[in-house]
Structures are given as C-alpha cells and as structure tokens.
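S.K.: Following the hints, put chain R in place on chain D, whose structure we already have.
There are 2 protein chains.
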Amino acid sequence: MSGSSSQVYRASTTAPVNIAVIKYWGKRDTTLNLPTNSSLSVTLSQKSLRTHTTASCSESFSGPDTLILNGEKEDIQSSKRTQACLKHLRSLREQLEAKDESLPKLSKLTLRIVSSNNFPTAAGLASSAAGFAALVRAIADLYELPQTPQELSLIARQGSGSACRSLMGGYVAWRAGTKADGSDSIAEEVAPVSHWPEMRALVLVVSAEKKGVPSTAGMQTTVETSTLAPTRFNEVVPKRMAEIEKAIHDRDFETFARITMQDSNSFHAICLDSWPPIHYLNDVSRAAMSAVETANRKAGKLIAAYTFDAGPNAVIYYLEEHTHQVAGVFKSILPRIPGWEGEFGEVIRPNEYGSLDSKALMTLKAGISRVICTGVGGGPEKIEKHLVDENGNAVPVEA
Amino acid sequence: MSGSSSQVYRASTTAPVNIAVIKYWGKRDTTLNLPTNSSLSVTLSQKSLRTHTTASCSESFSGPDTLILNGEKEDIQSSKRTQACLKHLRSLREQLEAKDESLPKLSKLTLRIVSSNNFPTAAGLASSAAGFAALVRAIADLYELPQTPQELSLIARQGSGSACRSLMGGYVAWRAGTKADGSDSIAEEVAPVSHWPEMRALVLVVSAEKKGVPSTAGMQTTVETSTLAPTRFNEVVPKRMAEIEKAIHDRDFETFARITMQDSNSFHAICLDSWPPIHYLNDVSRAAMSAVETANRKAGKLIAAYTFDAGPNAVIYYLEEHTHQVAGVFKSILPRIPGWEGEFGEVIRPNEYGSLDSKALMTLKAGISRVICTGVGGGPEKIEKHLVDENGNAVPVEA
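Which chain is which? The protein sequence lines are D and R, in order. Just so we're aligned, residue 1 is where the first sequence starts under full-length UniProt numbering, counting upward by one. Just so we're aligned, residue 1 is where the second sequence starts under full-length UniProt numbering, counting upward by one.
With the rest of the complex left out, here is chain D (with noise of 0.2 Å):
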C-alpha cells in the first residue's frame, strides 16, 4: 500500500496488434531498430487482441520506474529498448515543462505502469508491438505530449520496430527511412479502417510448437549472411510496397492477396537461406497454405491469402463477402477448437473444404489448437479504465 496522500496522475489506453503483410526482417541500425525495408501491415480489432496500459506517476511512488505486465513484475531497469522510449518521452515532457512553467514537472516523478492483454500469451502472437505501443501512447497521454502518432511512433520503434505500426489503425505503412539517427523512420497510414472496412483475418494457432529462434537473433543471423536477402531488401519490398500500396488505395483484394503471400514466403525464403538456416514454417503451416489455396482455386479467383510471422501461426486475410468460402471452411475442419465465439466469429457457418488433401486436413486436425476471428481495426484509444487506482496501486487482474 502506499498511503500517500500526493496526487496519482494517470492514463490509460488500449493499443491493437498489427499484422504485416510486408514483412518487416531486418535491421540496418539494431540500437534504433532500424530496419532494411519498409514494411506495411493491417492493424487488428482490438475487441479480439488489445493491450491495455495505464502509465501513471506521483510525487508519493519512489525508487525506479516499474512495469507489471498481466500481474507479473518485468525488469525493465536492463531492457535498453524500455529505457530508450521512456528517457525520450521524459525529455518531451522536459521541452513542455521547460516552456510552461505552471505545469506539474511530471518528467521527474517514478512511474508506474501497468498492462495486461486480452489474448492469452499461449495464442503465440507478438504481443511486443501492442505492448510498446500501448506504453508509449499511454505515457504520451500521461504527459500530455502534443505529439502526432506518426512522431510517437519514432519512440514505440525503439521499444519493437513492429510496435509503430500500432500507433494508427486500418493499413499503416512504416517507411524505412534513410537517415543515420533514424528520424525519417516512422509510420505512417496508407488508409483508415473506413476505406476498406471489410478486410478480415482468421489466426490459426498452431499447438504447443517449441519456440524458434528469437526474432531479433534471427534477424540479424538473415542480414549476416543470407546472400539473397540483399535483393529482397533493396529491390523486391519497395518494389511490393508500390504495387500493395496501390491494391489497398484501389481495394483489389486479388493483388493484396497475392503479394501478401509471395511476401511471407520471401521472408521465410531468406529465413531458410540464412546460416545457420531458420525455420518458422512446419507442416501444419503448410497444410494451411495448402488450404488457402485450395480455396482460391475453388473459387477461381484470390480469395484468401496467407501470411506467417516468426512462428508457425497462419493469420488468413479475406474479405466479409467470402466469410463463408474462408473462414467456412476452416470452422468445417475445425469446429471444436476455442475460438469461433464473438462478433467475428459467430457469423462464420461450416463450409465444405473442396478438395483439400486428406493429408493436410489431418494435419490441421492434429495441429491448430484455437482461432482468433477478428478484422482491420483502429488505433489505440484513450480510456477512463485504469489499472492503477486513486493511491498508485495495481488493479488486481481480473479472472
């Protein structure tokens, strides 16, 4: 209990998850997270994945700044990426106190943060990107920062590359940039959710797999020594960033799809050409795309497209006028696991799978454990729900 009588100064948030669909796999500057390519993703309902955070400080909170993340105390004193995106929206907070003399010096008090998600860890989806976007928004809010999201996203890029990204909704390009401290590498949105609200995506989680090799190892394993990852780099992504650029701002689901997926693949292509070689995909993964493009070839047009992160988890984009020919078929493979409930899911009914081999649906029978049915969503939003009470203390997590 701290039983100060000082004021708590609070601010919460929610911030989504983003899923690329160019892949971010590479970094030119590894303190600033710098990346090789640009890359661009589609921002998640936050009614099915969410981070909430509320940062709050006070003259009563003493020793160093704390984070608790879904009830467990995080040692963020040795995470260098924490430190950065805190030190700099403290020195932002410094220029406004600097110029307003009346203003409460909030940059010298200890902070309090607490987070939790609405996903289980277990669902194996990179929660660092709507985690460090939640902290850094919250915070902004806490400090009142004028900042646009596009300059928050300089800070949240430094906490995860990928968490810039999460700082806006709908699609959201993160330009690589070229100068040396990083200051042209931002977000920015290619389209709110209301130009092309109906995109979908269906997460297929893929049971109990050992976990790989970590994304930041790996990436720098790729950039060391792919000898083909040169080309993605700097001649196939700004190239697919033109072309799904325009398929979005055209809503051509055919061409977003198709280079959703040639994406994912060149990114796990020149995960394979790394050395030691890495691997993200198995065979449950493939019996995924295998379906997605069973899919297509019924419906005779792209329908579906695939895309895999640094795991072996399918994450199927389509549109609400194919939810039955997508999401159908998979709710017809799959009908038991957890998952189909909610505003997303409940609308799917059980489609027949076509010719999908008996191979691969046995495969994704034994091998995905739940799904997540969610769609484009918005950035993150300020909420009056905080995690920390009027006397500085963590909310208990809920049940």
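Honestly, the hints are just simulated from the structure, not real lab data. What you are looking at is a predicted structure, and each value in this text was computed from that prediction instead of being measured. Careful: at least some of the hints might be erroneous.
Just so you know, same-sequence chains aren't split out, so a pair can sit in one copy or run between any two.
PhoX-like mimics (lysine-lysine), calculated; alpha carbons at most 25 Å apart, straight line [what the hints assert, rightly or not]:
#1 365 - 211
#2 298 - 359
#3 105 - 246
#4 87 - 179
#5 211 - 298
#6 382 - 246
#7 301 - 246
#8 211 - 73
#9 359 - 105
#10 246 - 87
#11 179 - 382
#12 87 - 47
#13 73 - 87
#14 365 - 298
#15 359 - 27
#16 298 - 239
#17 80 - 27
M.R.: Just chain R now, kept in the frame of chain D:
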C-alpha cells in the same frame, strides 16, 4: 521370340547416380536443357545405386526403337528428350559410317534398349540421371563412338540435365555455358574418386510422401516467378562453385560441408519464393537437418552435411573417419529399418545421438522408412552381362 539369324549387336554399361552439392534448378533453354547456373555433384558408388543398360540393334529388329525399363515397356516415341539423345547418337554413328565404308550400318537399325535399376523406385531417388547416362553410354559403346565422356555429356544433358554429371566418377561439375546452342554446356571431372575416396553418403528415405511438384515444371515456375532466383543464378552460385571446387581440391571437408548445406537451403529458398510456392522439405527433412546440426555441434566442427533434392529425402555427406559420429547416430536412432547392410553400412556402429531434441527424434523415427549407405564412386562401366540375349530378346528381370 525374334527368330532371325541376323547378328544382334550388343553393348552394356552400368551408370551411377549423382547427388548435387551445388544444385541445378532452372533452365535457360527448356528444349536443350540448358541451365541457369553451373552445378556440382558427387558421383555415388554403383555398388549401392546404379542403372544397368543394354543397347542392341539388328537387321532382324523392325519397327520403332524400344526401351524396356525394369521389365516394363516405356513410351519413348513420345519422349522428345529420349528422341533427342537417340537422334544425336545416330548422327555420330552416321559420321563414322560415312568415313569408313567397311563399318556395318548400325545407324539404320532399330534399337532395342533394356534397362534395370538395382534400387527400388520407391526409394524416391531421381533415377533419370543414371538412366540417361547409361542409355547414352551403352549406345555410344554399341556404335563404337570415339567421343569422350565430356563430349557425350552434352547428349545425356538433353535427356535429363543432371544425367550429364553421371557420365564421370568422383566430383563432377556441369558448366552452365553461355552459348545458345548448348555446345559449351557440358560436364567435366573436378577430381577423380582417388583424389578424395573417403567421402561417404547416407541417404535417409522419407516414408510415403505425396509426390511433390515435378522438377521440370517446378524449375520453370521458379525461373518465371521467383524474385530472388536471379541473384542465386548470377551471383551466389558462381561464387560457391569456385569455393567448393577449391574445397574439393584441398580436401577441406568443413568448407565443402558448409557450402553444400547453404546451397541446398538456397535452392529450397527460391522454391519457397516461387509463385505458387514449391515445398519439398517437410518436418522429417527438418528433423534430419537438426540431427546433422547436433552432430556438428557435438564435434565442434562440421563433420556432416545435409542436402535435399526435389523431395524430402536427406542425403548426408561425411568422411569415413567420422562414420561413427555421423552415420552411427542415425543407426542408433533408426536401428531396425532396412538399408544398414552392405559394404558401406556394416561398418557403421550405433552411436548416441547427443542433445538431439525429443521432437526431432520422434519425427525421424516415425518418418524414415529406409536408409542407403554409400559413398563416392566411379563413372559408367562397360560390362559383359547383357540384358538382351543373343536372339535379341529381353532377359527376364531378376527376382
């Protein structure tokens, strides 16, 4: 029965399988089988794997040329590749006959070719290389052609690209060449068996896997769609060819092993980068890679090298002195599957598998159906055992 008393001319040869360490994947000319890049292989011992072919001709034979493979008649009339080989060999014989009137006019006679492999098709090993090498060598002997193996390799290449490398023993390069007519796209010996006879190869045959994309079709998909492939063809492979030739010259197994594994991974990377993507590696293949990595880690240096062709089977190269540390590990994991008999297999003593993780272990136990224990070997050999009898009839296939 062909009851004619005309002379039956016969020549028989055996030809080896070869497994590339720098992969051939991509044609710059599909008719002439001209490759996008040079490649390099190890010729494997014919004690383990060989094609035995008898070429015969006689005035008593009539009708079109025939080929019986493993007791079954093949349709060679509609095989443009086989026809190209036969036409080329006949024209060389015609040139001899034109120069020397006393020679029998064999070029005008119907060919009866009979061929048999000493390994089951179920082994999933590309037998076309040994098959076309034996076909070309046997007919060249029947026709008493003066051409060198290098010159004949140009003909075998038109049957099956990699067949050109099976006309020689030891370590063989196929030079891509640059000429449009393919006259400089030929195989040549990099080093004979005697230069480095200690090279061994363990083939792990993966159980009944659905046949993947056929290599000719797959190669064209890669050439037409992979955005990473040109870098492999034009930059990566030429550099690796020079490096691995030096490693072979220096008998430097560590460099040989690293390049072999990297090049296999590079080939499968451009397959994955193709559209639609092509998968040959599966979870069993990856478990084999993992076992090789574990053996190398335990040894503190590279003593084993995996390589994969257009299928999930692993071929693992190692030196005789490391038999116990490499092949012994697999014998210990897979003691009861067929293939541990014979000259190369019997010397292998089971060895503990070290820190190989239990999932990889289970995957190998469940996924490997047989092994083939072999090593580097010599080129085609002329033999007196004929598969066509004196009357021109095919000798029944041995039980």
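S.K.: Which earlier hints can't be squared with this structure?
M.R.: Hints 3, 6, 9, 10, 11, 12, 15, 16 are the ones this structure does not satisfy, whereas the remaining hints hold.
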